[in-house]
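S.K.: We have chain A; now place chains B, C, D, E, F, G and H with the ligands onto it with these hints.
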Amino acid sequence: MKEENITTQDIIAEENLVYKKTRLMTDKVLSYCPGCGHGTAHRIIMEVIDEMGLEEKTIGIAPVGCSVLAYEFMNIDMQQAAHGRAPALATGIKRTWPEKVVFTYQGDGDLAAIGTAETIHACNRGENFLIVFINNGIYGMTGGQMAPTTLEGMKSSTTPYGRNTKLMGNPLKMTELVAELPGTYFVTRQAVHTPANVRKTKKAIKMAIKNQLEDKGGLNFVEIVSNCNSGWKMTPTDANQWMVDNMFPFFPLGDIKVDGKKVKKD
Amino acid sequence: MKEENITTQDIIAEENLVYKKTRLMTDKVLSYCPGCGHGTAHRIIMEVIDEMGLEEKTIGIAPVGCSVLAYEFMNIDMQQAAHGRAPALATGIKRTWPEKVVFTYQGDGDLAAIGTAETIHACNRGENFLIVFINNGIYGMTGGQMAPTTLEGMKSSTTPYGRNTKLMGNPLKMTELVAELPGTYFVTRQAVHTPANVRKTKKAIKMAIKNQLEDKGGLNFVEIVSNCNSGWKMTPTDANQWMVDNMFPFFPLGDIKVDGKKVKKD
Amino acid sequence: MGELKLMKGNEAIGEAAIRAGVDAYFGYPITPQSEVIEYLTSEKPEERTGMVILQAESELAAINMVYGAAGSGKKVMTSSSSPGVSLKMEGISYMAGAELPCVVLNVVRGGPGLGTIQPSQADYFQAVKGGGHGDYRMVVLAPASVQEMADFVKLGFELAFKYRNPVMMLSDGVIGQMMEKVELGEQIPRWTEEEIIRKNPWATTGKKGRERNIITSLDLDPARQEQHNHKLQKKYRQMEEEEVRFEKFECDDAEYLFVAYGSSSRIAQKAVKIAREKGHKVGLLRPITLFPYPAKEIQSMLGQLKGILSLELSAGQMVEDIKLAVEGKVPVDHYGRMGGIIFSPAEIVEVFEEKFIGG
Amino acid sequence: MGELKLMKGNEAIGEAAIRAGVDAYFGYPITPQSEVIEYLTSEKPEERTGMVILQAESELAAINMVYGAAGSGKKVMTSSSSPGVSLKMEGISYMAGAELPCVVLNVVRGGPGLGTIQPSQADYFQAVKGGGHGDYRMVVLAPASVQEMADFVKLGFELAFKYRNPVMMLSDGVIGQMMEKVELGEQIPRWTEEEIIRKNPWATTGKKGRERNIITSLDLDPARQEQHNHKLQKKYRQMEEEEVRFEKFECDDAEYLFVAYGSSSRIAQKAVKIAREKGHKVGLLRPITLFPYPAKEIQSMLGQLKGILSLELSAGQMVEDIKLAVEGKVPVDHYGRMGGIIFSPAEIVEVFEEKFIGG
Amino acid sequence: MAKVKGAIVIDTERCKGCEVCVGACPTDVIAMANEVNSKGYHYAYMAQPDECIGCSNCAIVCPDGVITVYRKKLVSK
Amino acid sequence: MAKVKGAIVIDTERCKGCEVCVGACPTDVIAMANEVNSKGYHYAYMAQPDECIGCSNCAIVCPDGVITVYRKKLVSK
Amino acid sequence: MTEEIIIAGFGGQGVLSMGKILSYSGIMQGQEVSWMPSYGPEMRGGTANVTVIISDERVSSPILTEFDTAIILNQQSMDKFEPAVKPGGYLLYDPNGITRHPERKDINVYKITGAKLASEMGNTKVFNMVVMGAYLKMRPILEYKYVVEGLKKSLPERYHKLIPLNEEAIKSGLEHLEEVHKLN
Amino acid sequence: MTEEIIIAGFGGQGVLSMGKILSYSGIMQGQEVSWMPSYGPEMRGGTANVTVIISDERVSSPILTEFDTAIILNQQSMDKFEPAVKPGGYLLYDPNGITRHPERKDINVYKITGAKLASEMGNTKVFNMVVMGAYLKMRPILEYKYVVEGLKKSLPERYHKLIPLNEEAIKSGLEHLEEVHKLN
Ligand SMILES: Cc1ncc(C[n+]2csc(CCOP(=O)(O)OP(=O)(O)O)c2C)c(N)n1
Ligand SMILES: Cc1ncc(C[n+]2csc(CCOP(=O)(O)OP(=O)(O)O)c2C)c(N)n1
Ligand code: SF4
Ligand code: SF4
Ligand code: SF4
Ligand code: SF4
Ligand code: SF4
Ligand code: SF4
Ligand SMILES: [Mg+2]
Ligand SMILES: [Mg+2]
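Heads up: the sequence lines are chains A, B, C, D, E, F, G and H, in that order. What the first sequence shows, in our numbering, is residues 1 to 266, in sequence order. What the second sequence shows, in our numbering, is residues 1 to 266, in sequence order. What the third sequence shows, in our numbering, is residues 1 to 359, in sequence order. What the fourth sequence shows, in our numbering, is residues 1 to 359, in sequence order. What the fifth sequence shows, in our numbering, is residues 1 to 77, in sequence order. What the sixth sequence shows, in our numbering, is residues 1 to 77, in sequence order. What the seventh sequence shows, in our numbering, is residues 1 to 184, in sequence order. What the eighth sequence shows, in our numbering, is residues 1 to 184, in sequence order.
Isolated chain A (complex conformation) (with noise of 0.2 Å):
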């Protein structure tokens, strides 16, 4: 056929499929705002179970935070964690699971305010197991509260005047102090905003899951820095070009730690 006569219509065809959503995500309408990087973390890590065939052997900790209904997406077996304890959850299935490949998915509310012990012990312990942590500066679920990763002078509906850091602390990098905990074994900071920053993440997962398949003696942690529009009282859009300009200068990407090694920084 002479490229001049190829409609759209005849590419759409089975056998030129290139991209389709993953079965290992249910047909539901995603509960997220549109543009929230959740639906795309929850994705990336769906392709990574399927591709890796480990739908049968995989359990999931959804959090409490937007995600919490992640168990609703994700077509595979779930747990819906008390807020910060899914870490201790997945301990308790993995220690008795050894086998199976566990992972948590956590908000920064969730992961670095109230669930910080049971982060920071599953982490020294060495946990065998997957953290996929999604910091969005601020508590989506709730009605965008300040979070531990808020930034200085951002506003939020408990710092309506920008966070003071003097009188509400500073915005707390989990993933760098995580990092430097002998019980990590990979830790890395990624974002879901680009087609290549998915790339990268996806890869990230993937490999953390390796690491957990092969028992490398540690806790793989997967920072990925994504928008919370609504939180930020932004459009989608607006809200990856704010996170780029103001998130990622903080929260720089990139690994941390590969192979239970610290990466030197240049």
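Just so you know, the hints here were simulated from the structure itself, not pulled from any lab data. As the structure is a prediction and not an experimental result, all values here were calculated from the model. Don't be surprised by glycine CBs; every beta carbon is placed ideally from N, CA and C. Don't take every hint at face value.
[Unchecked claim] Pairs of lysine-lysine, BS3-like flavour, derived with a Cα cap of 27 Å:
hint: 1; chain 1: G; residue 1: K105; chain 2: G; residue 2: K86
hint: 2; chain 1: B; residue 1: K57; chain 2: B; residue 2: K203
hint: 3; chain 1: A; residue 1: K206; chain 2: D; residue 2: K208
hint: 4; chain 1: C; residue 1: K248; chain 2: C; residue 2: K281
hint: 5; chain 1: C; residue 1: K44; chain 2: B; residue 2: K216
hint: 6; chain 1: D; residue 1: K231; chain 2: A; residue 2: K28
[To be verified] If you only want the chain D side, here are some residues facing chain H, beta carbon under 7 Å, derived:
hint: 7; residue: E3
hint: 8; residue: M179
hint: 9; residue: L184
hint: 10; residue: A223
hint: 11; residue: R224
hint: 12; residue: Q269
hint: 13; residue: I342
M.R.: What follows is chains B, C, D, E, F, G and H with the ligands alone, placed relative to chain A:
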């Protein structure tokens, strides 16, 4: 008077007094085991408060741990906190009484296990009080169970065959961890088993309290590595020697952060 | 008359706290009560009165910040909703044990577990019988309007300091989220240091001109610990003598009594009206204090009653306190909805007729 | 007959857990129950049966580790004492909401707050009425001997899995710390993966050959949440039908009834003997399940009784359940000690005579 | 020379109109419709279908996973 | 030449016999008694009183704070 | 008099603030009012609704399942709330974005092209005020002067300069109410 | 028969294990027993005590305030437990470290120089067994063979080689019991 004629009884006279237990320690017999460092740590804190004339404006916080009864011995206003929550109490007090001097006194179980979140977040917010952290590598009060700081291979009543780091996690260097947070201003690790160490520790506490009085904009954190001879099942002097040989290599003494800046290691 | 405003219950609490001269609020967000801290932070109370507002890292931290500040004689409060209040149980038991005053607001949502964020009254047992460990009690106030959300802040602190005991406001998603008109009191200045020391001589304010003060709930000597418990029990009995509060509607000639608190009582009041229109002599007792419970008031009415219906947004919790008061002298039944569902006045009347009047 | 040993209650629990084929124990030390985890770690159960023992960073972490493993179909338990159990309230409410089986041991100590480490029974309300948020119940087993500490582990798991619900063992410092002889059952093998999948088809064991399994206590839709609550309530009613357990001593001709559970019941039994020696026809009812409560049993005895005395190491908690059963038909009174003090048999008889016999 | 031509199918009813795909497309294929779907969102559509090279960028970044991508290798001489 | 001579007073009833002071003394003044106090502890005592230089080392490390130290400057020619 | 109203539409259409202004207007007129929003993460779905009750007597339950009046601003809300209008009650809607128009014959149905009118006024933000104006015409339970007072009370001082614009929008709504189906 | 015993002394004197051996001996003899230690941080003070009950019937409370027999090994325990012996009961003590000897005349008082005898045997660790021997002489409620069985049961396998030494100590205690004051 000639030297030869002087008797011990002659010297024991008010005008020759050079050292006496501070009046800010009560006359109650300490509830600690013979040779336990808690007593020494108590006393030097009280000496500092006394020497700096802060008796009337200091509020101390006792944890749950062997030092739960610290308020029986420290002759100042004190509160007893729920296990691990001393930094939260201190935050409540200091925020509402910014002109008072506030300190917590916490064991390693209290501060680094159940109280991890409160410790990290008080440090991260840069609360302007002092944390004195007694690291004896074990849960003394409850009968010698493993603490987050129990060394690899070390026996405790819950690691009767020695701490297996693969199963029970790595000993946690909480002090190095909080030094990573911008909210800490002065972070140091000391000991009280020799006169020289006692003097250094006292100096550190004095500096910490001075920082607090001057509101240097951060939390002051003084770790004291101490023995728990009962928990370790050694005589006090053996325990101190064991501490020097085993604890100090892993928990090296010295300043970690001074004036808000990490001390360079050489 | 104070200023008239249209406010959410959660906002009214915040404004009332500032005006009541409260020294500090420590809390952690949770639906349906996050507006409390949001309102407070938006009002810059640090400028208005010097009140401290801090978003804690968790409910555990929040209740223990409250403990610390209360132990130093300050007026401090916190708020949360069901799962967050469960996390505060240890702290509340500690405060009761150490005899510390504070106000804790629970804007109850449907449980158990994460449940739902819709209104519920299923935390009655936790609030009233003691969800924490040990023998302790709190005065439990059940506001039924935005006005009472505001008023009970001041009342709550009065009782908290009178008894040196935590006071709980047991509200729910309806009262927290709804807007109604509310009349706000005048600004009361915060206590000065001198006032705190005078009013709260037990507080740890620094050992100045007196023996040291100690705040603790520990006594390893069982004999002394028992004495301490007797002292606490005496306090609770005094509350039962002096602090019972309730409201009655159409009770004079009532043959049947609805008992309902908080948001349920509003619906029950309407149900009373409908029932009366249908010819049933029904009255309503609204307990305002859930502990101490208006048991005597119920007992005093037993002569005239043929039946009592407890109306709660739960599987039936307060009904036990009614039964304990009634001792089998009159039939007591319960009707409730769960999981965030709210009954309607008509539904109540229907159930009432079925249970007491007969088909 | 199994092996006869002299063991502490806390140790017997540990040994019984290994032998019952329990998969994991997660806990945090606290007096007077730290021997549970100490015994377990000393026994190398990882070698004996593959059982996992982990000292968690806190009680919160422990109960949530239990949640995770239970959600994946494993037999898991935890233990603590009063303040630590308060910290577990949120987690327990979650497990009840998500319908997860587990055994939670509370070796109760004197409260409120940090209190004392001596024995107490003041956590009755928390265990029985629900210290966590929302309408939920647990089966509550009250062991009165080291033997029962061991036996109730197996029973507890049977009930937990039968109902997919947490089971609490409400013990105290006496039963936990004392040594008595105990006969231990044979080793039961731990469930295999295949057995777990067959017995617990709801568990998250990996989506293999079936639709995905979800463990959650959340339902944002109030209508469905209410349905879920009805389902839970139905389960609790079934427990009331099928699981009431109690023991009676000298009740046949009794005119007065002592009611006591756990360590108190042992002392009460002696008191019955003394009272009978003094000519009083006294019997003892020992509830073994505190929820479901043997209310019907008490009701069935009302015809013969002149009075009931509830004996608890508390300010009086279980006495409410007795009163709810009795509905005023017979005088019900309470005698208790608090803060870690234990009553003596003679003391009980004296109080009984004073309250019921007169002068 | 081998050339590829692509096409995407957007589930417009599930599109939330976030526009994230728009910027991700290297060849500016996608635009937002003036119409709204039943949820009230202006959904994305192929405004320049001929430009599509089937690179999947749009699908990869779509938070709601509503884009399916097809690609065909064309051999033109 | 100025010389100092010291003395210590140990509250033997409160001494717990931990021996920490013994090793801390630069001049080996302190030893443990064969007798026990009422708590059953072999308490510390000045075995070599003449050697004491009043340096306070012992008192500073005594966990129970039971040592009081005196020192006198002696001027001997 | 008791008027029980549900206002429902997308988040961002000013549903909650319309309810608040109506409530404040009721207060200004000396009446009892309640305002109860839907709350929680269902807002993520983009819908928002509020129940407003204006009454001569104390409001019992602020949460209702049936309404005297429904003000409906998108299709989802139409599907959900058309059936919830009491027989004989009122339904007001904006046809913009509505694919299935109201079908009930036992209620009064009105419409207002609020989105269109607001954009014609050059300010889509006053959309909710146009709709409110139409409501006030349909259900004349509030005197206009109290509505203006209510408006003032519910706007923070710094927005008082916008009051004339809002009044204009209300008036536009008052003028453009269209009857669709009226019971007699 | 019911024998209610308190054994009290310093931590480290083997108080708890003496109680455990007595208890096990009771079991071997077919009796009901209970063993209840003092627990918790008071142990920091250095004292330890255990209540042992050996009885023909099921033990009711394992915690007591009065005892048939007190075995007292330091002064603090003497102060605390001498008054707690029932009239007509028994008190056994080791005079080592005792500054105030028992004064009651309504009870039977015996002593055993256990510390001395044990150190003469060259093994201070068997001190508690010497005292136990004396107790068995004073209160002959347990047959010797059951005591040996009890000893075996309560020692872990790896310590069984120490049984002869322990038996020797028990016998020394049996032989050296001294009567101080006996009721008739
Ligand atoms: C114990 C408890 N406390 C508080 C809450 C309320 N809550 C729900 S989600 C959340 C924070 C969510 O923020 P984050 O973890 O950052 O997730 P996001 O929504 O931003 O993805 C909070 C505080 C709760 N459900 N339980
Ligand atoms: C909530 C709670 N959990 C557990 C305990 C029991 N407990 C008391 S002290 C302690 C640990 C003490 O260890 P550490 O903090 O290291 O102090 P140390 O005694 O070693 O000085 C524990 C687990 C408690 N009292 N409360
Ligand atoms: S609130 Fe924020 S985090 Fe939550 S779904 Fe919306 S954009 Fe995403
Ligand atoms: S148990 Fe350890 S920490 Fe506690 S007093 Fe004894 S030596 Fe000190
Ligand atoms: S597949 Fe590539 S070229 Fe085609 S629309 Fe998507 S991003 Fe554009
Ligand atoms: S990224 Fe997806 S949801 Fe967003 S506009 Fe494009 S197709 Fe629609
Ligand atoms: S004062 Fe110095 S010299 Fe004297 S005994 Fe003490 S340590 Fe030794
Ligand atoms: S250091 Fe103190 S307690 Fe220890 S032996 Fe010396 S004097 Fe006694
Ligand atoms: Mg977030
Ligand atoms: Mg310690």
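S.K.: Which of the listed hints are not met by the structure?
M.R.: 7, 9, 10, 11
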